[in-house]
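Fit chain B to the supplied structure of chain A, relying on the hints for placement.
The listed protein sequences derive, respectively, from chains A and B.
Start counting the first sequence at 295; every next residue gets the next number (our numbering).
Start counting the second sequence at 580; every next residue gets the next number (our numbering).
Keep in mind that the hints were calculated from the coordinates and are not lab data.
As the structure is a prediction and not an experimental result, all values here were calculated from the model.
In this text, a Cβ means the ideal position worked out from N, Cα and C, and glycines have one as well.
Keep in mind that the hints are not guaranteed to be accurate.
As a list, the in silico DSS-like pairs of lysine-lysine whose alpha-carbon atoms are at most 27 Å apart [to be verified]:
| # | chain 1 | residue 1 | chain 2 | residue 2 |
| --- | --- | --- | --- | --- |
| 1 | B | Lys664 | B | Lys612 |
| 2 | B | Lys612 | B | Lys659 |
| 3 | B | Lys626 | A | Lys420 |
| 4 | B | Lys630 | A | Lys420 |
| 5 | B | Lys714 | A | Lys527 |
Rough simulated footprint, nothing fancy, chain A against chain B, three-plus residues with beta-carbon under 8 Å [unchecked claim]:
| # | segment |
| --- | --- |
| 6 | 593–604 |
| 7 | 652–660 |
Pairwise CB distance ranges (calculated) [what the hints assert, rightly or not]:
| # | chain 1 | residue 1 | chain 2 | residue 2 | range |
| --- | --- | --- | --- | --- | --- |
| 8 | B | Ala594 | A | Asp433 | 41 to 51 Å |
| 9 | B | Lys659 | A | Arg579 | 57 to 67 Å |
| 10 | A | Val566 | B | Thr603 | 25 to 35 Å |
| 11 | B | Phe595 | A | Pro533 | 16 to 26 Å |
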Amino acid sequence: MPEENGNGKNGKEVGLLERLKSALHEDVQSIRTDMPTKAKEQIEGLKKPTKTAVYTSIFRHKHDDTPRNRALGVLSNVFLHLHPAKINRDAVRYSFTWGMGGITFYLFIVLTLTGVLLMFYYHPTKLQAFRDVLYLEHDVPFGKILRNMHRWAAHLMVITVWLHMFRVFLTGSYKAPRQFNWNIGVLLLVLTLLLSFTGYLLPDDQLGFWAVTVGTNMARATPLLGHEGPFGKMLGMTPYNDVRFGLLGGSIVDANALLRSYIWHCIGIPIVASVLMIVHFWRVRKDGGISGPGSVVLASEDKAQRGPRHA
Amino acid sequence: MWSTVAAFLAAWFIAFFRFFLPRTLFEPATSFKIGYPEEYGLGVDTKFQQKYRIWVDRTPDRLFVIYARCTHLGCTPDWKASENKFKCPCHGSGYDSEGVNFEGPAPRPMDRAHVEKSPDGQILVDVSRLYQWPKGQPSQFNDDGSYLPV
Numbered sequence: 295m296p297e298e299n300g301n302g303k304n305g306k307e308v309g310l311l312e313r314l315k316s317a318l319h320e321d322v323q324s325i326r327t328d329m330p331t332k333a334k335e336q337i338e339g340l341k342k343p344t345k346t347a348v349y350t351s352i353f354r355h356k357h358d359d360t361p362r363n364r365a366l367g368v369l370s371n372v373f374l375h376l377h378p379a380k381i382n383r384d385a386v387r388y389s390f391t392w393g394m395g396g397i398t399f400y401l402f403i404v405l406t407l408t409g410v411l412l413m414f415y416y417h418p419t420k421l422q423a424f425r426d427v428l429y430l431e432h433d434v435p436f437g438k439i440l441r442n443m444h445r446w447a448a449h450l451m452v453i454t455v456w457l458h459m460f461r462v463f464l465t466g467s468y469k470a471p472r473q474f475n476w477n478i479g480v481l482l483l484v485l486t487l488l489l490s491f492t493g494y495l496l497p498d499d500q501l502g503f504w505a506v507t508v509g510t511n512m513a514r515a516t517p518l519l520g521h522e523g524p525f526g527k528m529l530g531m532t533p534y535n536d537v538r539f540g541l542l543g544g545s546i547v548d549a550n551a552l553l554r555s556y557i558w559h560c561i562g563i564p565i566v567a568s569v570l571m572i573v574h575f576w577r578v579r580k581d582g583g584i585s586g587p588g589s590v591v592l593a594s595e596d597k598a599q600r601g602p603r604h605a
Numbered sequence: 580m581w582s583t584v585a586a587f588l589a590a591w592f593i594a595f596f597r598f599f600l601p602r603t604l605f606e607p608a609t610s611f612k613i614g615y616p617e618e619y620g621l622g623v624d625t626k627f628q629q630k631y632r633i634w635v636d637r638t639p640d641r642l643f644v645i646y647a648r649c650t651h652l653g654c655t656p657d658w659k660a661s662e663n664k665f666k667c668p669c670h671g672s673g674y675d676s677e678g679v680n681f682e683g684p685a686p687r688p689m690d691r692a693h694v695e696k697s698p699d700g701q702i703l704v705d706v707s708r709l710y711q712w713p714k715g716q717p718s719q720f721n722d723d724g725s726y727l728p729v
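Okay, chain A solo, but in the shape it has when bound:
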């Protein structure tokens, strides 16, 4: 039946071969005309990669060494734009800042990366947690170094947070207009300690178990919210409804406590800490940049500023 050929009407049949031929012809023609121009463009692009559409869509300004371009390099970069485009030349001296805030942030990044990798092998259950830690230590390729990096970075981060705070205190950088940022910093200190504490339980070993037992037993004595704390009994607190119970998900350090630690450690606290870090870095800049001594003026600039009388 002619209808079933699917080759159009009126009996005029255009074969599959015919159609292929004409399409091929068109293609060959277009390749003949377009290819050379496209090739030329490609070669030009290779000669001057910075002129290509791809390049200019990523990098939106020139890189000649001019003050404007150097500023744009910071301003137009999503990772750098929290930084000021220009800072006091003394502010980058390590003797003034110790670089402790930056090191702390660097350690946080190390902890995030190693922590995410550890999560691939770790199950927060009583049956598996400690076994997984042993497995990571002895069998997973590079598992031992990952775990040790996570552990040591965690210890170091607590230390660098304290040193950062100590430096800020010594240089008086908590004073106006930076009071608000000092408070954000205090919250970040608390979150760092909480991250450290919640991570302690996760190996589910004797050390962590008893440390968390001791730590959460202190929560019994929380004023108002703990069943052994001041006013706790008056507010109806018992071992089964107080703040310790909420932290542990039970009256003893058990499976619920392990799971809660894990979730706070890996999701809850890092998110809150990240948000506060963004605020912290932003405020550093808005409150006048990294603090340091008053700006040093070069002799030549000094003469120019104060005029010939002091020359």
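For chain B alone, kept in the frame of chain A given last:
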């Protein structure tokens, strides 16, 4: 309008905290039987430490059950038979053979669990009912249920 939004958020805020307090727990039973009084000789018996976190302690006229939780910060002390004392590994609190503190940071003797004779003659222990002797306050260690006379 805004009060509706505020009420909505407040309700969720409260719900968020309530969410963390489960209604049902899957924890070890607090009440259990530990056999007959005649099975225990004088002194400290540690056979139920692992299972129930208790020590059975018998003196010439009494049998009582010490809840094996250090009154400092809640670790489980060890019974040192050679030194005739309980020693907490966490911060070094020491207790004599009746669980009365004499060294370290512990603020009071270890708590004792409620004991009674069950109808079948076994000792029934309830660690959810504890008898204490807080510092400077009257002792509950002579209350009914804090010991079995033997």
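For each hint, the structure was consulted:
no. : hint                            : in the structure
1   : B/Lys664 - B/Lys612             : 25 Å, holds
2   : B/Lys612 - B/Lys659             : 25 Å, holds
3   : B/Lys626 - A/Lys420             : 24 Å, holds
4   : B/Lys630 - A/Lys420             : 17 Å, holds
5   : B/Lys714 - A/Lys527             : 18 Å, holds
6   : 593–604                         : holds (count 5)
7   : 652–660                         : holds (count 3)
8   : B/Ala594 - A/Asp433: 41 to 51 Å : 43 Å, holds
9   : B/Lys659 - A/Arg579: 57 to 67 Å : 60 Å, holds
10  : A/Val566 - B/Thr603: 25 to 35 Å : 29 Å, holds
11  : B/Phe595 - A/Pro533: 16 to 26 Å : 22 Å, holds
In this structure, none of the earlier numbered hints is contradicted; all agree with it.
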